[in-house]
Amino acid sequence: TTLFRSDDVLDELGEILSDADFKFCMRLAKHISFKDCVLRTNGNPNGKLLDANDIAELLHMKPSSVRGRMSNLIKVGVLGRHVTGCKENPDLKFKCITCNPYIFTIGNKVNTTILSLFEKSKWN
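In our numbering, the protein residues as written are 1 to 124.
In case anyone wonders, no lab produced these hints; they're calculated from the structure. Just so it is clear, CB atoms sit at the ideal spot from N, CA and C, and this is done for glycine as well. Among the hints, erroneous ones may be present.
[What the hints assert, rightly or not] Below, a list of computed lysine-lysine pairs in the DSBU-like style, where the Cα atoms sit at most 30 Å apart: (1) Lys-23 / Lys-120; (2) Lys-75 / Lys-95; (3) Lys-95 / Lys-120; (4) Lys-75 / Lys-93; (5) Lys-23 / Lys-95.
[To be verified] Simulated restraints, written as ranges between beta carbons of each label pair: (6) Ser-64 / Asp-8: 12 to 22 Å; (7) Pro-63 / Val-83: 13 to 23 Å; (8) Leu-49 / Leu-10: 18 to 28 Å; (9) Asp-91 / Lys-62: 34 to 44 Å; (10) Asn-89 / Ser-18: 39 to 49 Å; (11) Met-26 / Arg-67: 12 to 22 Å; (12) Glu-12 / Asp-91: 37 to 47 Å; (13) Gly-14 / Glu-88: 34 to 44 Å; (14) Leu-92 / Met-26: 12 to 22 Å; (15) Glu-12 / Asn-42: 24 to 34 Å; (16) Asn-44 / Asp-19: 23 to 33 Å; (17) Ala-20 / Ser-121: 16 to 26 Å; (18) Asp-91 / Leu-10: 36 to 46 Å.
With the sequences and hints as input, model every part of the structure.
Shown next as structure tokens:
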């Protein structure tokens, strides 16, 4: 399951984000893979990588609205866009949407690569 690091993070997110961006962020939470903080179908570590169109369909939103919300969340370091490799074939690369582990996870099971992608964010 995905957990928020603390109530303080939620309070701070509530102050920084617009109500619409905060709500969007909360709706994404169930799709965050706890191992790598990548948005995947129902947060399943082996699930399909989600893109903006997938998210729009899952959340019953317009793709343009999803892209706008994601852009806002990327600007403040809540989300990121990154490239990941395939375990079976490292030459294969996939674009993915990542979530800041300093906001969304608790514990020490988070992939160190994802931690390093967000280590300079204000949330660390």
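For this session: State the violated hints by number, sorted upward, taking the hints as numbered earlier in the document.
Result: 6, 14
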